[in-house]
Amino acid sequence: MQLRGVALQLGGRPLVGPLDVTIQAGEVVTLIGESGAGKSSLLAYLCGTLSPAFVASGEIWLGDDEISTWPPQVRRLGILFQDDLLFPHLSVGQNLAFALPSRIRSSADRKARIEWALAEAGLPGFDNRDPATLSGGQRARISVMRVLLSEPRALLLDEPFSKLDASTRQRFREFAFNHLRQARLPALMVSHDPEDAAAAGGPVIQLDRGPTVLNHSFTP
Amino acid sequence: MPRSPSARTLNWFPFLTLAVLIGPVVAGLAGTLLPAFGYLPALGGTSLNLGPWRELFELPGFWTSARLSLVTGLAITAGSLGVVAAFCAAWEGTRWFRWTERFLTPLLSVPHVAVAFGIAFLVMPSGWIVRMLSPWATGFHRPPDWMTVQDPQGISLVLGLIAKEVPYLLLMTVAAMGQVDAERSRTVALTLGYGPMTAWFKVVFPRVYPLIRLPVLAVLAYGMSVVDVALVLGPTTPATLPVRLVQLFNDPDLSLRFVASAGGCFQTLLVAAGIALWCGAEWALRHWGTRWIAAGRRCPQDRAARVVAGLVLASSSLAVVLAMLAMALWAFASSWRFPDLWPSGMSLANWKYHLDALGPALENTITIASGATAVAVILSVGVLEQEARSGRRAWAFSGGSLYLPLVLPQVAFLFGAQILLLIMGLGGNQFVLVWMHLVFVFPYVFLCLSDPYRAWDERYQRTAWCLGATPLRTFFRIKAPMLLRPILNAAAIGFLVSVGLYLPTLLLGGGRYPTITTEAVTLTSGGDPRLIGLYALLQMALPFLLFVVVALLVGLRFRHRRGMQSS
Numbered sequence: 001m002q003l004r005g006v007a008l009q010l011g012g013r014p015l016v017g018p019l020d021v022t023i024q025a026g027e028v029v030t031l032i033g034e035s036g037a038g039k040s041s042l043l044a045y046l047c048g049t050l051s052p053a054f055v056a057s058g059e060i061w062l063g064d065d066e067i068s069t070w071p072p073q074v075r076r077l078g079i080l081f082q083d084d085l086l087f088p089h090l091s092v093g094q095n096l097a098f099a100l101p102s103r104i105r106s107s108a109d110r111k112a113r114i115e116w117a118l119a120e121a122g123l124p125g126f127d128n129r130d131p132a133t134l135s136g137g138q139r140a141r142i143s144v145m146r147v148l149l150s151e152p153r154a155l156l157l158d159e160p161f162s163k164l165d166a167s168t169r170q171r172f173r174e175f176a177f178n179h180l181r182q183a184r185l186p187a188l189m190v191s192h193d194p195e196d197a198a199a200a201g202g203p204v205i206q207l208d209r210g211p212t213v214l215n216h217s218f219t220p
Numbered sequence: 001m002p003r004s005p006s007a008r009t010l011n012w013f014p015f016l017t018l019a020v021l022i023g024p025v026v027a028g029l030a031g032t033l034l035p036a037f038g039y040l041p042a043l044g045g046t047s048l049n050l051g052p053w054r055e056l057f058e059l060p061g062f063w064t065s066a067r068l069s070l071v072t073g074l075a076i077t078a079g080s081l082g083v084v085a086a087f088c089a090a091w092e093g094t095r096w097f098r099w100t101e102r103f104l105t106p107l108l109s110v111p112h113v114a115v116a117f118g119i120a121f122l123v124m125p126s127g128w129i130v131r132m133l134s135p136w137a138t139g140f141h142r143p144p145d146w147m148t149v150q151d152p153q154g155i156s157l158v159l160g161l162i163a164k165e166v167p168y169l170l171l172m173t174v175a176a177m178g179q180v181d182a183e184r185s186r187t188v189a190l191t192l193g194y195g196p197m198t199a200w201f202k203v204v205f206p207r208v209y210p211l212i213r214l215p216v217l218a219v220l221a222y223g224m225s226v227v228d229v230a231l232v233l234g235p236t237t238p239a240t241l242p243v244r245l246v247q248l249f250n251d252p253d254l255s256l257r258f259v260a261s262a263g264g265c266f267q268t269l270l271v272a273a274g275i276a277l278w279c280g281a282e283w284a285l286r287h288w289g290t291r292w293i294a295a296g297r298r299c300p301q302d303r304a305a306r307v308v309a310g311l312v313l314a315s316s317s318l319a320v321v322l323a324m325l326a327m328a329l330w331a332f333a334s335s336w337r338f339p340d341l342w343p344s345g346m347s348l349a350n351w352k353y354h355l356d357a358l359g360p361a362l363e364n365t366i367t368i369a370s371g372a373t374a375v376a377v378i379l380s381v382g383v384l385e386q387e388a389r390s391g392r393r394a395w396a397f398s399g400g401s402l403y404l405p406l407v408l409p410q411v412a413f414l415f416g417a418q419i420l421l422l423i424m425g426l427g428g429n430q431f432v433l434v435w436m437h438l439v440f441v442f443p444y445v446f447l448c449l450s451d452p453y454r455a456w457d458e459r460y461q462r463t464a465w466c467l468g469a470t471p472l473r474t475f476f477r478i479k480a481p482m483l484l485r486p487i488l489n490a491a492a493i494g495f496l497v498s499v500g501l502y503l504p505t506l507l508l509g510g511g512r513y514p515t516i517t518t519e520a521v522t523l524t525s526g527g528d529p530r531l532i533g534l535y536a537l538l539q540m541a542l543p544f545l546l547f548v549v550v551a552l553l554v555g556l557r558f559r560h561r562r563g564m565q566s567s
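These protein sequence lines are chains H and Z, in that order. If you're matching positions, the first sequence starts at 1 in the numbering used here and goes up one per residue. If you're matching positions, the second sequence starts at 1 in the numbering used here and goes up one per residue.
No lab work stands behind these hints, which were simulated from the structure alone. Just so you know, these numbers come straight off a predicted model, no measurement behind them. Built from N, CA and C at the ideal position, the CB exists for glycine as well. There's no promise every hint is true.
[To be verified] Quick look at which bits of chain Z chain H covers, simulated, 3 or more residues with Cβ under 8 Å:
#1 449–460
#2 475–482
[Unchecked claim] Here are a few chain Z residues that sit away from chain H, every Cβ distance over 10 Å (derived from the structure):
#3 11
#4 23
#5 146
#6 178
#7 361
#8 511
Given these sequences and hints, build the entire structure.
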């Protein structure tokens, strides 16, 4: 994934960037910045869900596609927020099935993938459970598996660990990063916690006003 | 924001909705205004003149009627606001307060006229209160010859409507208190040595009042313009102005429609004057209040005042409950002689006997209400979804302007609407009737739905989109099911509003679509309490059943989803 000259403005004032970043498959780049620095807005621009109040510019490249004008549902950029955002009206299994692409037709196949995802999350047999009855850590793991099942081309992480308590956070970080590397996805994480960046193990960008360039190769 | 075809279709919703809502009102106003100045070629009025106004002012007792409307409207508003404010000041934050709030919520769903009938059964000379005291305390063996209901000063009208409006204003106040951090402000005042009630009036009320001002003004306009409740509880010699105007309008002598139209315009001016008076009082009270707050009097001992405030609210709520109970008893009573406290026999004979008339009335009620509610819900969701996707709130759908159809006197535009429809040959058309119901139903549905809709965490939507779901699929699979409870609740409220509508049904239905509400009001003059009780009970039961069904449906659908339980 590559960002070329991505910049955000709010009310005529520059907020972020211009930003030039290349992220390799299996790599996690961390953007560190204070709250209000426009981290979440940047991710919203990448997803294609930025509020019209912002003015954004710059190119977003995924492989050979420039996706900045695509509607969000065809960009295939998965996103994880600080809340797990499991849909409360669906069961755990239905949440996962919602993410599974519809081109996987056979119900046996779909079922198998969901069972695989549940097993990976360490929650086999949780198919029919109500998300509200799961612990915070369990819900967080399901949300990771949900986004992975949607077969994204890249991942965006919006402070995904900040709402978990310290011990859960430690284990969930390992879980999440292991799966990202296994899936060989480029990932962009925004955070204000240097520990997140350290755990991610990738390059760190301090998000301040002004041009930022990060062009390098990184082999995990 | 993503530009998908569905988003572009949605852009039509705000305009469509406004046209659908404003069209009939503007047309109706014009249709009232022209005849008011003598112009209505269909009835031979071809020139503009002031004749109708002159005739209006010369009606016997006209100014008495106008004054009655103004005074009762102001009294109802001041009374219900006073009861609610005093109760909140005295008991807010206690267990007893939360209990009362929960207990009063269902009372909101009882239509105004049904409450009016019940109150009449309670306070009339042969009513429950006199029966409770007879003959042991009063010595009465037959009903006394008193004028308790329909008293010339309109006192029973005022008390009845205060009892009905108290639950409404209380819930509005509770919602407003949640927005201004009432609890902690008051704690600060308490620690500074203020008594609980003084603390509330000095630090909470000034911030809560601006938030409930529109509902309060709506109560004022309603109280001044109400027709159905005034027919049941209001004075008759003379009646309040809107009641007399409707009688004039429905007079077989069609030339009186000019006078009635002028009266409709006058009623609008009267409501404007009432609002102006209220605003003047607000201004004076603010000046006095600022000085009172700054003077620092703490009134730490207010137990007696608190008890009184509690008792007043309790008795007004108790009156509504007893009223409903009395009605239900009458509906099943075979005979209930004075001064017996209970009916001597209960039977279903009453229901069987009137089944023939009941059936069509029920059917009309349900058809019209379902139609208007369905359209109102679709339009509301469309407008709110368009707003969510464009990120812009159309001015017409934010706050104040939605109250406009609720503040405008119904007679002012219903007269004109009916005249226009007759000219166009559309009198008594069911489609038109549903449309006019929609004008009244929509604001309530929208006001109920907009808060939960706007508060929905749109990150769910972003998550779904990023998982590859189209906006359409996201809406139907994620957003609509998650908002199912508020959507159905808003629908139930809309249904309830439609069931309770009297004047639009009467005037635009042309007598061809009697509903349980118009039938019940028509029966007032006959005075058979069994029959009135029966219709009033149906009026209460219909919305109540609907709320139960909604709760059951949503509860059943999401019985295994703890995250979807109502808070």
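The hints, checked one at a time:
no., hint, result
1, 449–460, "holds (count 3)"
2, 475–482, "holds (count 4)"
3, 11, "13 Å, holds"
4, 23, "30 Å, holds"
5, 146, "58 Å, holds"
6, 178, "22 Å, holds"
7, 361, "38 Å, holds"
8, 511, "46 Å, holds"
Checked against the numbered hints above, the structure violates none of them.
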